[in-house]
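*Asks:* Build the full structure now, drawing on both the sequences and the hints.
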Amino acid sequence: MTAFRAVVLEHFRRPRNRGPFADANGDAEGANTLCGDRIRVQVLVRDETVVEARFTADACALCIAAASLLTDGVRNRVRSDALRLDHVWLRAALEGDAPAGRERCVTLPLETLHRAIASASGD
Amino acid sequence: MKQLLPSLASELRDEQAVVVATLVSATGASSKKVGARMYVGASGRLIGGVTIGGCVDARVIEAADALIESGGRKLLAISLDDDEAMEIGLTCGGTVEVLIERARVDDPSDPVLASHERALAQLEAGEVAELPVALGDGRTFVDRMAPPTTLLIVGAGEIATFITRMARDLDMRTVVIDGRDRYATRERFPHADELRVGMPSEIVAGYPANAQTAAILVAHDYKYELPVLRALLRSDVGYLGMLGSKKRGAAVRELLKDEGFTEAELARVRTPIGLDLGGKAPAEVALSILAEVVAVRSGKRV
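First to last, the protein sequences are chains A and B. To convert, note that position 30 of the first sequence is 30 in our numbering; the numbers rise steadily by one, no gaps. To convert, note that position 295 of the second sequence is 295 in our numbering; the numbers rise steadily by one, no gaps.
No lab work stands behind these hints, which were simulated from the structure alone. Glycine residues also receive a C-beta, built at the ideal position from the N, C-alpha and C atoms. Hints should not be assumed to be uniformly reliable.
[Claimed, not checked] Below, a sample of chain A positions facing chain B; criterion: calculated Cβ distance under 8 Å:
(1) 13
(2) 36
(3) 37
(4) 60
*Replies:* As structure tokens, then:
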């Protein structure tokens, strides 16, 4: 539990890849309309490879940490491989499961990333 | 805009004629600022007032009733020292000048009506409005009106519902902002000027950040507070308050300090939000927040 907290807090307080970028060719937005988490993921896919991924979010620590880890982890993966990033990968990255009742906090950025990659033109 | 400048053409359209009374000068302990207005309709209807009450307004109404018939305009000089009040020590002291002008509400070319509606349109567009009135003795009184305060209310909870209700009577525009479309609904906020659902930090950044903007963070959730404060701390908003205890406010400031915000920037966040009126119910908290916004807008140190 301590390790899980540490990685979440680290990525919440110093998120990687936060903020928009201009030359994205794919993006998606996601929301949890009950708790209010909101996230936008942008990607740049070139030659079927994810070159860049960034996110903007007004969201909880868990959601931001997951988005930070995902946008780091997806870089330089080919699109098909990137789309295979799943909750198992995320569980390992977060060093544990999301607390009970908070699963949506980590699946929201994962789903939004997948949609952003799928939307990218890839030229 | 009910208090600042009612629309003659719409709010008073049932009146054949209206006399607009404007407080154009005051010496001594005037109870209202120059520019205060009263509208006296041909039907006897009254809106506003040039003083808080008492004998001055009564004298203005009497003169306005006469002007409804005769038309034109008149500058009234009224002493606030009446003998009876002086005798029992309740006089305000001083003199006020009140200009009264008749407007034909059904005539768009009426100069009083036209200048009023032009100023109102400027205020509604968020611009500074100027309403000049010639006093007939070579002087011109120019009423320069700042646009109404816009409240950016982040968090569409219960406190926000009361803020939007009360703000209407204070001539404040309200924008309710939340990421949750089940909260920010017209059914819950029939009085809000705008409802915005989306990423709160991006929404607030899209509004003009000036002295007439007050940001009220009542989500009580760091997921909105941190990004919204990042967006506003270095802006020129006139008021920035956040719901929460001193301890919680200190924790939020600490997180933002780590990100490079200065003590001076962080000191702008008023936490706990609102004047301490003692109440805890949502309507009472809403009242305390609006009281603080009014105090800050009026230049009070609170």
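*Asks:* Hint by hint, note whether the structure agrees.
*Replies:* Here is how each hint holds up against the structure:
Checking residue 13 of chain A against chain B: minimum C-beta separation of about 7 Å stays under 8 Å; hint holds. Using the Cβ-Cβ criterion of 8 Å, the hint placing residue 36 of chain A at the interface with chain B is satisfied: the shortest such distance is roughly 4 Å. Contact between residue 37 of chain A and chain B, as hinted, is supported at the beta carbon level, the nearest pair being about 7 Å apart and thus within 8 Å. A least Cβ separation of about 5 Å between residue 60 of chain A and chain B falls short of the 8 Å threshold, and the interface hint therefore holds.
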